[in-house]
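Trainee: With the sequences and hints as input, model every part of the structure.
Protein sequence lines correspond, in order, to chains A and B.
When the first sequence is numbered by this note's numbering, its final residue is 277 and no position is left out of the sequence of numbers.
When the second sequence is numbered by this note's numbering, its final residue is 1278 and no position is left out of the sequence of numbers.
Derived from the structure by calculation, the hints contain no laboratory data.
Ideal Cβ positions, reconstructed from N, Cα and C, are used throughout, including at glycine.
Wrong hints could be hidden among the right ones.
Said to hold, decoys possible - If you want the footprint, here are the derived chain B segments under chain A, 3+ residues with CB under 8 Å:
no.: 1; segment: 1050-1060
no.: 2; segment: 1115-1122
no.: 3; segment: 1154-1162
no.: 4; segment: 1229-1237
no.: 5; segment: 1252-1260
no.: 6; segment: 1265-1275
Claimed, not checked - Straight line, CA to CA, 20 Å or less: simulated DMTMM-like cross-link-like pairs of lysine to aspartate or glutamate:
no.: 7; chain 1: B; residue 1: Lys1257; chain 2: A; residue 2: Asp179
no.: 8; chain 1: A; residue 1: Lys257; chain 2: B; residue 2: Glu1272
no.: 9; chain 1: A; residue 1: Lys194; chain 2: A; residue 2: Glu126
no.: 10; chain 1: A; residue 1: Lys257; chain 2: B; residue 2: Glu1127
no.: 11; chain 1: B; residue 1: Lys1219; chain 2: A; residue 2: Asp179
no.: 12; chain 1: B; residue 1: Lys1257; chain 2: A; residue 2: Asp147
no.: 13; chain 1: B; residue 1: Lys1012; chain 2: A; residue 2: Asp147
no.: 14; chain 1: B; residue 1: Lys1060; chain 2: A; residue 2: Asp179
no.: 15; chain 1: A; residue 1: Lys65; chain 2: A; residue 2: Asp75
no.: 16; chain 1: B; residue 1: Lys1278; chain 2: A; residue 2: Asp147
no.: 17; chain 1: B; residue 1: Lys1101; chain 2: B; residue 2: Glu1127
no.: 18; chain 1: A; residue 1: Lys256; chain 2: B; residue 2: Glu1127
Chain residues, written in single-letter form:
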Amino acid sequence: MLHVSLFKRNIMNINIKDLRFAYPTGLEALKGINLAIDSGEQVAIVGQNGAGKTTLVRHFNGLLKPASGSVSIGDWDTTKYSVAKLASRVGYVFQNPDEQLFSRDVLTEVSFGPRNLGYEKTKVDELVKRALALTELSEKTGTNPYDLSPTWRKMVALASIIAMDTPIVIFDEPTTGQDAMNVARIANVIAVLKREGKTVITITHDIDFCAENFERVIALADGRVLLDGPAREVLGEEETLAQTYVEPPQLTRLGKKLGLKEIVTTQEEFIKAVVQD
Amino acid sequence: MAFVNLQNLAYKYPLTKTNALENINLQVREGEFVAVIGPNGAGKSTLCYALAGFVPHFFKGEISGEIEVDGRKSGESTLDEWVLNVGLAFQNPFNQISGAKYTVFEEIAFGLENIGVPRDEMKTRVEEAMSLTGISDLADRSPYSLSGGQQQRVALTSILVMRPRLLVLDEPTSQMDPIGTREVFGVVRRMAEEGMTVVMVEHKMEWIAHFADRVIALKEGQIFLEGTPGDVLTSDVLIENGFGISRYTSVAREAKKQGLWKKEKLPVTLDEAVEGFK
Ligand SMILES: Nc1ncnc2c1ncn2[C@@H]1O[C@H](COP(=O)(O)OP(=O)(O)OP(=O)(O)O)[C@@H](O)[C@H]1O
Ligand SMILES: Nc1ncnc2c1ncn2[C@@H]1O[C@H](COP(=O)(O)OP(=O)(O)OP(=O)(O)O)[C@@H](O)[C@H]1O
Ligand SMILES: [Mg+2]
Ligand SMILES: [Mg+2]
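Mentor: Structure (structure tokens):
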């Protein structure tokens, strides 16, 4: 049931063509974005504060609509579908969980999405149970989200989106303020979604986390795509990344200073490269 | 005498069963930059609230022990008096905007206006503070039309502009881009050099090691470890107790097992790691 069929995989590609967007204030936040994200890809989006990351992903679930250009999710052009309809294809965990949470207890909050999508009760129960287990919230079902700390509210927001079982899941800064245990839980959620063939798009300033959990990295700068490619290649571009206030991962910087031949991003790669050197 | 002095501090929120802080003894000298680390729920924010007067004045609950800043006791002051000396940047930057102002400039000037700072001085101070945190170009924008990291910068600037004697920062870089994060640590360091006393909750070990004088590790409401960043952030008990560590520390630890790291001490910063691996 949690498997995405091959058919569904193929049609859930995200296609963005010449996307421009300006806020009502007149500020042009996206200045011509072209991107294609295939079903089942794990993509991280990085870049300076104000680069347009949140603005971009809000186009995927239809919260924002292009001023010009187009965004399509599978065969759906987002201008032709409501946010409610797009919610069956794209789940989005807000950067600020307080914009997302409204229920009086954790269980109601996490059940709301899957119920709203019209799944049968047994499926809803199963999805909710799994989402709560993955985020370690099973003991907190009766708690009011607002009695939880901001870090746990973010976990509730995350659980309520993964419970919707959408083929595309977007996380906006999932690891901010989380301790090592919760960061590991979030990494596990991403790995589980990947195994199920889902597309995971994550905005993050945590470049080490990015290097360890994503295959492809997109760097945005001032409303445009600055870099896009395999994580190792993008994260090794120290000078270009600096234009958007991003630094390579700690171990990449270390490898470079030590003059290692290959670009390394993770601990295993680093140790291997040192042994060979 | 210490500028900040916490003596046997214990605190319990209303309607809860266990103490959020227990047996806290902490002295901070004037101009010192202390970083506070710890897992979720360890009591980091509660400690910030205690320093900033919100515990107990706002949150109520049960408190024992002493909170003293610059020789004054929190228990003997009102919150209004207390906040003149102590500035707190809250963990969640999203609900810190006053709602009273139309532009970022006015938002940052709000606190100065409230204490009657003359218009000219106000303007200089606001402009200075905005340039420190890299938001000069946002001056005329509405405080409601900002990205997450921009909102956090505005919140931080509103505190810095007040020039509190004690600056309490609860994860002030959580929404900031990587190079911006390092710059904010640098700004805070400079404030400390100029005599401001700083207590800053953070998870970013590399920058703590670069910029802070001392690290306090909290766990379950108690001080679990304290000392220099180099000692605390590489200690085995810290790692075994679920605290995060820098990738430099973690890779050197692994390399040590394989005989690839020869030094006694593990690194926290890039330079230390380069030194040991080369
Ligand atoms: N509601 C809004 N009204 C007007 N402008 C906005 C609004 N929200 C964001 N902006 C502006 O649009 C630009 C892009 O903002 P966005 O939130 O997409 O950035 P971001 O890359 O997500 O940054 P951060 O890392 O700080 O979250 C910024 O200049 C921001 O100030
Ligand atoms: N307003 C409150 N009422 C009751 N209990 C609270 C309140 N705020 C915090 N607590 C509890 O006090 C303890 C310490 O919480 P605190 O928020 O200080 O931790 P923290 O270290 O800042 O965690 P985080 O990393 O999640 O921000 C936790 O058990 C928390 O549930
Ligand atoms: Mg954002
Ligand atoms: Mg906290």
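Trainee: Would you mind marking each hint as holding or not holding in the structure?
Mentor: Hint by hint, here is what the structure shows:
| no. | hint | result |
| --- | --- | --- |
| 1 | 1050-1060 | violated (count 0) |
| 2 | 1115-1122 | violated (count 0) |
| 3 | 1154-1162 | violated (count 0) |
| 4 | 1229-1237 | violated (count 0) |
| 5 | 1252-1260 | holds (count 4) |
| 6 | 1265-1275 | holds (count 3) |
| 7 | Lys1257/B <-> Asp179/A | 25 Å, violated |
| 8 | Lys257/A <-> Glu1272/B | 12 Å, holds |
| 9 | Lys194/A <-> Glu126/A | 19 Å, holds |
| 10 | Lys257/A <-> Glu1127/B | 38 Å, violated |
| 11 | Lys1219/B <-> Asp179/A | 12 Å, holds |
| 12 | Lys1257/B <-> Asp147/A | 43 Å, violated |
| 13 | Lys1012/B <-> Asp147/A | 15 Å, holds |
| 14 | Lys1060/B <-> Asp179/A | 27 Å, violated |
| 15 | Lys65/A <-> Asp75/A | 16 Å, holds |
| 16 | Lys1278/B <-> Asp147/A | 50 Å, violated |
| 17 | Lys1101/B <-> Glu1127/B | 17 Å, holds |
| 18 | Lys256/A <-> Glu1127/B | 38 Å, violated |
The structure does not agree with the numbered hints 1, 2, 3, 4, 7, 10, 12, 14, 16, 18 stated previously, though it agrees with the rest.
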